[in-house]
Every structure is written in C-alpha cells, then in structure tokens.
Amino acid sequence: MTSQPSPVSTVETTTNRLSTADLITVGVFAALYFVMVCVATLVSTLFTGGFGSIFLPAIAALISGPVFMLLAARLGKFGGITVMGLVIGLFLFVSGHFALSFVASLVFPLAADLIARAGRYRGRTSLLVSYVVFSYGLTGPILPLWFMKDAYVASLEARGKDAAYIEGVFAHINAGTFVVSMAAILVCALLGGWFGQRLMRKHFAKAGIA
Amino acid sequence: MDAVDARNVSFRYGQADDAPALESVSLGVAPGECVVLCGASGCGKTTFTRVVNGLAPSFFRGTLSGDVLTCGLDAARVPIDRLTPLVGSVFQNPKTQYFNANTTDELAFPCENMGMDAAEINRRVADAAGRFGVTDLLDRGIFRLSGGQKQRVAMAAAVVLGPRLVVLDEPTGNLDAQAIDAMRDLVVRMKADGVSVLVAEHRLAWLNGVADRYAVFDAGRIVREYPADEFLALSPDHVAAMGLRTLDPEPCRRAVARLAAVPAEGDGPDGRTALLRTRDLVVGHGRGRRRAFSRTVPDLSLARGEIVGLMGRNGTGKTTLVRTLTGLAGPLSGRIELDGRTARPRDLMRAGFMVMQDVNYQLFSDSVREELMIGSDADDADACARCDRVLADLDLPRLADRHPMSLSGGQKQRVAIGSALMCGKDLIVLDEPTSGLDRFHMEQVGRLLRRLAQRGRAVLVVTHDEELAAGWCDRVIDLEAARG
Amino acid sequence: MRTAATAPTSRRDGRSLDPRAKLYLLLLANLMLFFHVGLATQATMIALFLAPMLVAGRVRMAARFAVLYAAMTALGLLDPDALGVPQLHVVSALAVGASMMLPCFATGAYAFTTTSASAFVCAMRRMRVPEAVVVPCVVIIRFFPTILEDYRRIREAMALRGIATGAFAWVRHPARSLEYVVVPLLMNATNVAQDLSVAALTKGLGRDGVHTSRTTIRMRAADWLAMAACTLPLALDAAGVI
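Protein chains in written order, with UniProt numbering: chain W, 1 to 210; chain C, 1 to 484; chain F, 1 to 242.
For reference, chain W alone in the conformation it holds in the complex:
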C-alpha cells in the first residue's frame, strides 16, 4: 500500500436500520421488560385473586416507564420499540398465554414506535403518548376473561340451569371491569411514563448514559 488512505471515521455515520448491536440492546431491554411483566402478573394475581391478569397491563405500565424511556433514548431509531413489544408477545404466547395477545403486542408497539419517531425519540410529549399506546400492547392476556364468562354460561346451560340470571350478573361485572381496567392502563401509563422521564433526567442524562 503506497498511497496514504484517508482516515476512517464512524462518528457521524449512523444508519437507520437496526444493527446487530441494536438488536442486542433491544434484547437486553426486552428481558428487563419481561421481568416487569412477570412482576406485574404476580402483583395483579395477588390483588385480584383468580382474575389474574386483569390489571396486568396497568401494573406493568406503572413500573416499566424507565425501561421504555431508556431504550428509546439509547436507540433513537425506528423498530426498537416494535421489536420489543413483538418479542414479549412471542414469549407470552410460548409460555401459554392467549394467542391473540400476539396481535395486540404487534399493533400497539408499532403505533407507539411511529408516534415516538414523530418526535425523533426526543420529544417528551410524543414519548409519553408513545408509552401510553405501547402499554395497551399487553391487553392481550386479559382477553380470555371474556371467553371465560361465555364458558361458564355455556356450562350452566349444559346442565339445564337458568343462564339468563347468571348472564345478567356477569355482564354487569364484565362491562364495568372492562372500563376500569382500560382506564387504569391509561392512568398508570401516564404515571409510569412520567416517572420514567423523571429518572431519565435525574440519573441517565446526568450520568451521560442517555
């Protein structure tokens, strides 16, 4: 080599495609998010007994804000949030959760990713909205509760019982529960996202990590 090659600089070059290193980062954060989901399942089961996962998305939303915000800040490109939601959906499905939850965990994170991108992964409002939308990605696991009601009514009918009475009781409970659990997600995600952004400023930005 006789000619002097020009210096190689990678300081400015950032592609928009997710690199292997990005995917590993997503994996690490998804693992943390998965832990949060497990904790939420545990807590939700503790408080609501057999209705196990009814408040799962809300509790997960309350505690996962820092994970989401740090991932968004570290990656700053499209796809990370989507992949995280998708992979969690996959793990929930493989561990025996309802298959349809997979759809929710694709659609909502994708929308969240688009919203965050609109703010270039920096805008505080867009990130907060993005996190709220992302949090609805976990509504999948609570869907079977509605099948359960049907199943119980069916099993009563099979035994020749007066199902209409039961239907009345449970329909009332279910409609109420649905509204409560959806509203809880909204409130908890706002709180959790705000908390996450506070930690970002207080710790990660100051420590030079985000």
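Hint data in this document are derived by calculation from the structure and do not stem from the laboratory.
Treat the numbers as computed from the prediction; the structure is a model and nothing was measured.
Do not rely on the hints blindly, as some may be mistaken.
[Unchecked claim] Cross-link-like lysine to aspartate or glutamate pairs, in silico, EDC-like; alpha carbons within 20 Å at most:
1) K95(C) with D139(C)
2) K202(W) with E179(F)
3) K202(W) with D401(C)
4) K95(C) with E179(F)
[Stated by the list, open to error] In silico contact screen, one side only, chain W against chain F (beta carbon under 8 Å); selected entries:
5) I24
6) T25
7) G27
8) P66
9) L90
10) F91
11) A99
12) V103
13) A205
[Stated by the list, open to error] Okay, the calculated bits of chain C under chain W, using three or more residues with CB under 8 Å as the criterion:
14) 61 to 71
15) 194 to 203
16) 401 to 413
Backbone N, C-alpha and C fix where the C-beta goes; we use that ideal spot for every residue, glycine too.
With chain W's structure known, arrange chains C and F on it following the hints.
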C-alpha cells in the same frame, strides 16, 4: 504474512476534541508469536486490541488513521464478520462475554454464524473442547461455572473456527492463581498450533516464558518494545516505575505465607478485644437435605485498626463467609460475637458493610453527596458536617455533585466506602477490590485500606491479589490452608 | 427455556417433540378457547397434552396439572343454587375459567421447559423468523436469569445501607423503592448490552447470509402422530360429532 501489521495507527473515540486514545502506534505480530501489551490503565492497550479485531471504529465509534492489517485484511474497512474466522477474541469479564446461556451453544455460536452444517459444527466443538480441556464443561448452564471455567470455555470458543490470531483483553482480571495457570497452558497450546496471540494485561507474571515480546504503552503511544529476555531482566523497581505489576510473584507469595502465620492481635498481650470473633462457625447455603454447600470455618477474630486479607482459591467459601460476617446470610451453626456479645445477622448487618466486586449495584443516588446522605436528614447540620468530613477524607469533594455512575471504578469504590462511613460501620469488607487494576490503582486501594484502619475500622479484604495482600495486609487468613 | 438452558439438553431433546409440533399444540390449546368444547373433549385434550410431558420425564409437572385440572373441574361442577350459596357462582365461574386456560398453560409449560435455547433458535430460523426477532430472543434467554441475580445483589446492597427493602417500604415509598432498584438494574443493563454486542460481533453474529444451528430438528413420526391425535378430538367436537 504477519498476523498483525499496524503502521502509524491513531485513534480517537467519539468527537474529535477528545484526547486521542492511540497515537501513531506501529506494531507487528508474527505467526505463532505472543506479544504482550502492557501499561497503566488508559494507556491505549485495550484500544489497540479493539482496532486489531475490528471493533474500533465499527462498534466503538471514532476516527482512525493509519494502516491496520489483521491477517492481511484492512481491519478498519472490512466488515467485522470478515475477520471472524481469522481472529478469536476473549475479553475481561467472564460474566458478560457469553452470548449464549449454554456452554456448548457458546462454542457452536461462531460456527453457526458462519453457516456451517450441524455435523461440521459438532465436530469442531468437540475438537476445540478436547484440545482445550473443557469437554467436561460442555452442555452446562453458564450460571453454574466459576470465573476460571468460564474463561477456559471462552478461550476454546475463540479458537473453534481455527483462527490465525487470538486477541486477549485482560483475560485474567477476575481469576484466582490456579485459573490463571490454566490460562497460561491454553496460551501455550495456541502458540504450539501456530496461532499468534496478542494479550493486553496488567498482571504479567503468568505470561513469563510464554510471551515473546512486550510492548509498553503510555498515553496512547508505544514507549518501548522489549524482547522477552530483556524485559524479564528488568529490575523490579524499573517495572514498578512503568506502572506495571510485578514480573516475579515469588517474593509476594513468601510475604503472604508469612502474613498467614501472624497470630490474631486480639489474643496478644495488650489485651485489645476483637471487634468480631467467630466460634465454631459453619457457613453455607441451603438447609437440610437441600444443603448445597457448607464449610466449617476455623475460629477467627478481627480487631479495629487492622487490615486482614482473606485468601484461598475459588470455591473455598470466602464469599459465603463474608456474607455471613456481614449478616447477609445466617450461619448454619456456631456463633459470631460483636464486641464480645453474640450477634444476630441483623446486628452484623448494622455493624458491617461490604464493597461488592461489582460496585455498580451499591450506588443509588444522582450525586455523590446525595449518595452519602441517604438515610440522613438533609437539614441536619450535624449530618451535613459529617458528610463533608467523609468526602474530604476520601478525596471526593471535587466530585460531590457528579453522578456516581459517571465516575471511574476506583472513585465508585470510594463513594461506596464513604456511604459505609456515613452509616457508622465498624467492619468494612471489600470483595476483590483490585481485580483488573494496574499497579498505581492497586496501591491507591491499599492506601485507602490503611486510612480506613487508621480511622479505627476493622478491614477485611477478600482477594486473590498477592501484591495487595503482601503490601498492605497486617495479617492473612488462608481459608484453603485452614481447611486441613 | 430457562431450566432447559441450565441443564443438559441433548438427552432431553431426544425425548421431546419437535419445537414446531409444540407450537402446533400451543395453537390447538388456544383454539379450544374459541370452541366451547364439551367436558369429555376437554378432559381428553388435557390427557393428550400431558402425555408428551410424561414422555419427556416431566412426571411431577404432569401430575400437578392433572390434579389441578381435576380440582378445577370439580369446583366448576358445583351447583351453587342447589347448595343455597349463590355467592359461590364467583368461585365456580373462576374454576371454569381456570380449567379453560389450563390447556394453554400446560402446553406452554411443556414447550418452555423441554426446549433448549438452541432448538428454539433453530426452529425459529427454520420457520424463517427474521433475525431481528431471533437475536433479541436469544438475548432474553441469556439475560433473564442474570436480572434475577442482579436484583438479589441490589437488595443486599440496600440492606447493608439500612435502606428498607421489605413489603412495608414498597407501600410507604413506592416511587423511591422502585427508583433504587430500577436505576442500578438499568445501568447494569446498558453495560451488559455493550459487552454482549462486542462478544457477538467478534463471533460473527452480524454476518449477512445463512446462520445455521448445531441442533438438527426434524419432524418425526411421533411428532405427526401427536399432532394428529390432539387435533382429532377438537375437530370432532367442533363438527358436533361428540
């Protein structure tokens, strides 16, 4: 063709205004040669390994000038996976350099990425495992392996593709003496296969007789290259002056043996009572039929003002013992006395503190001052004054407003110790405080220990570092010898 | 997958189904939620789902699921009105719900504990799952156990500092407790992400082109048989034969 041929290489991390990490470094490594890069922390030796294996500038971003030919490829410009079959890499931290949770998967991993078929992969895995003596470690979860075992498997994984060069970046940082000896054997085997080895290391003694050449780095430049015989003939003072660890461990070993024979002070004629004393202590974890590990500990005592080293190879129960002494685990039987009174784990936890090997888990606040003030009232003038004193005592005032996570490893250690002093702890335990440190930082830790002892604390250091023990401990408890 | 990852895998893989067959069973279990299958069908399906577990040597796990299913079914068959305690409807409904979800959890537990990480990855690659999903999955399997270990260290560090860690502290200062735990966890996670990336890149994970697997997965007669056997009762039930 040389395995490494670097000419006039300069590298800057990140933005151009940072100081260069490497400045016109030229170095060649011939086939089958073992070259050691040494020098104090931050001298550029790790950066050089990253340039050679292609991680800088592709992953560690920055600007590189000059020519780096690694096995004939332009390392800075070819995609890093072109280098994969030619260069194997082993890194410092055995905990985080595994990509797979299973040892066989880890060995197979490079082959899988190269797209080999299953039969070929399994043949290569078996072959590499056989040659590097890790066959009995195959098909195990990595979480059950010791640090030394992990590093051996990592070495086997580095050669599974039959590379021409292996790059080792401080591979012995966290290992005990036996594990380091095993690493040495593996390097010998690599050389025998004609593989070139490039090692960046602080600890040099284990490479005696294996290394062919030493390159001493300082501030991003190679200040001098030595052939092995010339380097090994340097006087200990000369080596120390370059900021390097000792080349001859024997004097340290003898000193440690001497310290291990020193009787506990508490039994001395001055009648000073020990802060902490154990009686017929059995430590371990798991109870009843599920007992996983238990170990009888010879009675020991720790007095205020002394530095005691706790040594012995991995698996002798050092960690379990200090966890018991600080109340994190209950004793299986026997008792522990604090100032002559039998202490419950809760009392021990209040009196003792442990600086963990990974100090990152122990820092919670957003500034050094806040960190020390956790648990105290910010309006309490007395506490604030105490905090200022502790900061001054540990050379921390200048860093008081920094985020603890933005500090260097040694600074973090000092902050953690500061938090212990604020809580008024009498016993301070440090778990491997000098792993991966150069001479200067090792001695800094030693001076810190002495200062703690002078302030009336009992200091217990769990360590493999014979230089630290020989230089700074008043006494050594060797759990391995005590096992009898 | 966690347990499988920490235990010898080759032997176990030999006696468990192909990952794709496991996936099919999972889907079947999910389908059962849509069709209100009769009790007989449900019991048959449960038995069929538990059989592979027995073959894989997971006798304890199979027994637990069987007992649980029996208990739930018994509770679901209670007649609250006849007993004169209408409140029992809640218990009864929950039991019916639980026995509905049980096939999902049983097949999930089977898939999770008998699939090695390697076989899982191999199956994903064979099903042409994009690398963008495969890589994070491998990292999760690798990193998940580490998080639990990290959490223990953090709790210990808090205890040594006299920072309350009990349930009481979580109730009194939830935000602060969460901050103390989450910040070190995330700081560590960013370090781990970097170290894992470095290790994986030097080992060629980023290479374009086909990535293979040391594990060979093949659909064998037993896999087809298990799939057919499990499909049959559901299909018959859905068609109204049973």
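Status of each hint after checking the structure:
About 17 Å separates the Cα atoms of K95(C) and D139(C), which keeps this hinted pair within 20 Å; it holds. Simply put, K202(W) and E179(F) have alpha-carbon atoms about 11 Å apart, close enough for the 20 Å limit, and the pair holds. With a CA separation close to 12 Å, the supplied pair K202(W) and D401(C) stays within the 20 Å bound. A threshold of 20 Å between alpha carbons decides the hint, and for K95(C) with E179(F) the separation of about 25 Å lies outside it, so the pair is violated.
With its C-beta approaching chain F no nearer than about 5 Å, I24(W) sits inside the 8 Å limit, and its interface hint holds. Checking T25(W) against chain F: minimum C-beta separation of about 4 Å stays under 8 Å; hint holds. Interface restraint check: G27(W) against chain F, minimum CB-CB distance 3 Å, threshold 8 Å, status holds. Using the Cβ-Cβ criterion of 8 Å, the hint placing P66(W) at the interface with chain F is satisfied: the shortest such distance is roughly 5 Å.
For the restraint placing L90(W) at the interface with chain F, the shortest Cβ-Cβ distance is roughly 7 Å, inside the 8 Å limit, so the hint holds. The beta carbon of F91(W) is positioned within 8 Å of a beta carbon in chain F (closest approach about 7 Å), and the interface hint is therefore held. The restraint placing A99(W) at the interface with chain F holds, with a minimum CB-CB distance near 4 Å, inside the 8 Å limit. Nearest Cβ of chain F to the Cβ of V103(W): about 12 Å, over the 8 Å cut. The hint is violated.
For A205(W), the interface hint is violated, the least distance from its beta-carbon to any beta-carbon of chain F being 13 Å, above 8 Å. For a cut-off of 8 Å, the count of residues in the segment 61 to 71 of chain C with a CB near a CB of chain W stands at 6, and the three-residue condition holds. As drawn, the segment 194 to 203 of chain C meets chain W at 0 residues by the rule of a beta-carbon pair under 8 Å; below three, the given contact is violated. Counting residues of the segment 401 to 413 of chain C whose C-beta lies closer than 8 Å to any C-beta of chain W gives 4; at least three are required, and the coverage claim holds.
Of the numbered hints stated above, those contradicted by the structure are hints 4, 12, 13 and 15, listed in ascending order.
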